[in-house]
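Chemist: Line order of the protein sequences matches chains A and B.
Sequence positions in the first sequence follow my numbering and run 146 to 356.
Sequence positions in the second sequence follow my numbering and run 376 to 599.
Among the hints, erroneous ones may be present.
Said to hold, decoys possible - Listed next, the in silico DSS-like pairs over lysine-lysine satisfying Cα-Cα at most 30 Å (straight line):
hint	chain 1	residue 1	chain 2	residue 2
1	B	K414	A	K264
2	B	K503	A	K152
3	A	K264	B	K490
4	B	K490	A	K245
5	A	K220	B	K590
6	A	K167	A	K347
7	A	K152	B	K590
8	A	K264	B	K590
9	A	K200	B	K590
10	B	K490	A	K209
11	B	K503	A	K245
12	B	K590	A	K305
13	A	K264	B	K505
14	B	K505	A	K265
15	B	K590	A	K265
16	B	K503	A	K209
17	A	K209	A	K334
To be clear, the hints were calculated from the coordinates, so they are not data collected in a lab.
Below, each chain spelled out in residue letters.
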Amino acid sequence: MLMLNMKKQLQHFTIQLQFESKDDILILFGPSGSGKTTVLNCIAGLDVPDDGLIKFNEQTFFEKNRGVMPIQKRKLGYLFQDFALFPHMTVEKNITYAMKSQSLVDHLVQVIGIEHLLKKYPRQISGGEKQRVALARALSTEPQLLLLDEPFSSLDQFTKNVCYEELKRLHQLWKIPIIMVTHDYEEAKILGNRILYMKYGKLQEMEYLNQ
Amino acid sequence: MDYTPLFLSLKVASIATIIVFILGTFGARAIAREDFFGKSVLEAIILLPLVLPPTVVGFALLYLFGKNGIFGKLLFESTNIQIVFTLFGAILAAIVVAFPLMYQSASAAFQNYDKNIENAAIIMGASKFKVFWTISFPLAWPGLLAGVVLTFARSLGEFGATLMIAGFIPGKTNTIPVEIYFAVQAGNTSTASFWVVILIVLGLVANIWLNWWSKRNLLKYKTD
Chain A
146 MLMLNMKKQL QHFTIQLQFE SKDDILILFG PSGSGKTTVL NCIAGLDVPD DGLIKFNEQT
206 FFEKNRGVMP IQKRKLGYLF QDFALFPHMT VEKNITYAMK SQSLVDHLVQ VIGIEHLLKK
266 YPRQISGGEK QRVALARALS TEPQLLLLDE PFSSLDQFTK NVCYEELKRL HQLWKIPIIM
326 VTHDYEEAKI LGNRILYMKY GKLQEMEYLN Q
Chain B
376 MDYTPLFLSL KVASIATIIV FILGTFGARA IAREDFFGKS VLEAIILLPL VLPPTVVGFA
436 LLYLFGKNGI FGKLLFESTN IQIVFTLFGA ILAAIVVAFP LMYQSASAAF QNYDKNIENA
496 AIIMGASKFK VFWTISFPLA WPGLLAGVVL TFARSLGEFG ATLMIAGFIP GKTNTIPVEI
556 YFAVQAGNTS TASFWVVILI VLGLVANIWL NWWSKRNLLK YKTD
């Protein structure tokens, strides 16, 4: 279970947020510039809160005055908005970059359906294919928590629908907590178990969805 | 024809380029993407030789590495190595003058790709060392290579600072630019012309090769 209680001063407002997440898909929803990505970055370790506690299962990611756990030890998967695939490596090299086991990668490649892309470079594949490769790469390290930062924002509606189904199917298979940032309400409703509304870094409302 | 100036110039430029490449690459990687107090001042100092006349650089090196200079004295007493009027002096001058070019190229190269590409590798558990060698270095390589060519060309053509610290000792420190200067002074136009042509050809070959390589290989480094 992820427990987050953090405070971070940004240029125009302060993020002050508290939530818990357990094996469900939690959506951080809100307008652009409300601090959603900063929250994800603080969980991942790419950014550091000013105060508070971030704890995942028995591991303390951050606690003021007790230090910060190195990013490499957090066992996370992070899907960036622009996918951040390694452009100079083939899809296969991207996915096996830090893999835990070859059999897991083979399984992922099959489940996500990207066998035909393995020998291609990121510049040779479409946006939807990049998204699937990035998801396979994020899962190849057996993460215990998956962070998604507007992963579908650059895709067309048809590809988005395919990706939604795929993500839900993978979540059923993997049963790990997923925290996803979006400012698309339809997307939030389709994918989320809970929607956390954020504005200027504060929780406005928590909506529970029956899924 | 005595080809010593060519060999000396190639030796000075090669050694200086290797040292500048290593220092410039690691220096730029450490500084370019970080924000810290005093960064602007530090970068201004690094780039200073670019805006100073080479004679000023030469004077400063003479002051620091001369027999009675702070570093010169220390180096001579501890290792018996003398910088002034030796090939070491020419190499040192080339390093100082060419370093800003390598630093600028490397600095731009390390800022030219999405930082999240590195972040993705770190989050996947890769060590900083692995991220540098497998992600940062290959992605910055086109810019680093341009820096290497510029460094080599600048080192090959270095004159002012070299003359001040290494002087003109035939067979020891007479690199091509210094040789050209003294050939002209002595009225030996044919020798000067020969070395001028050699320098122009070397510069052209380096530029043409870099353009050719860039056109062939840059596509695979594109991030979108």
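Chemist: Looking back at the hints listed earlier, which ones does the structure fail to meet?
Modeler: 1, 5, 7, 9, 12 and 17
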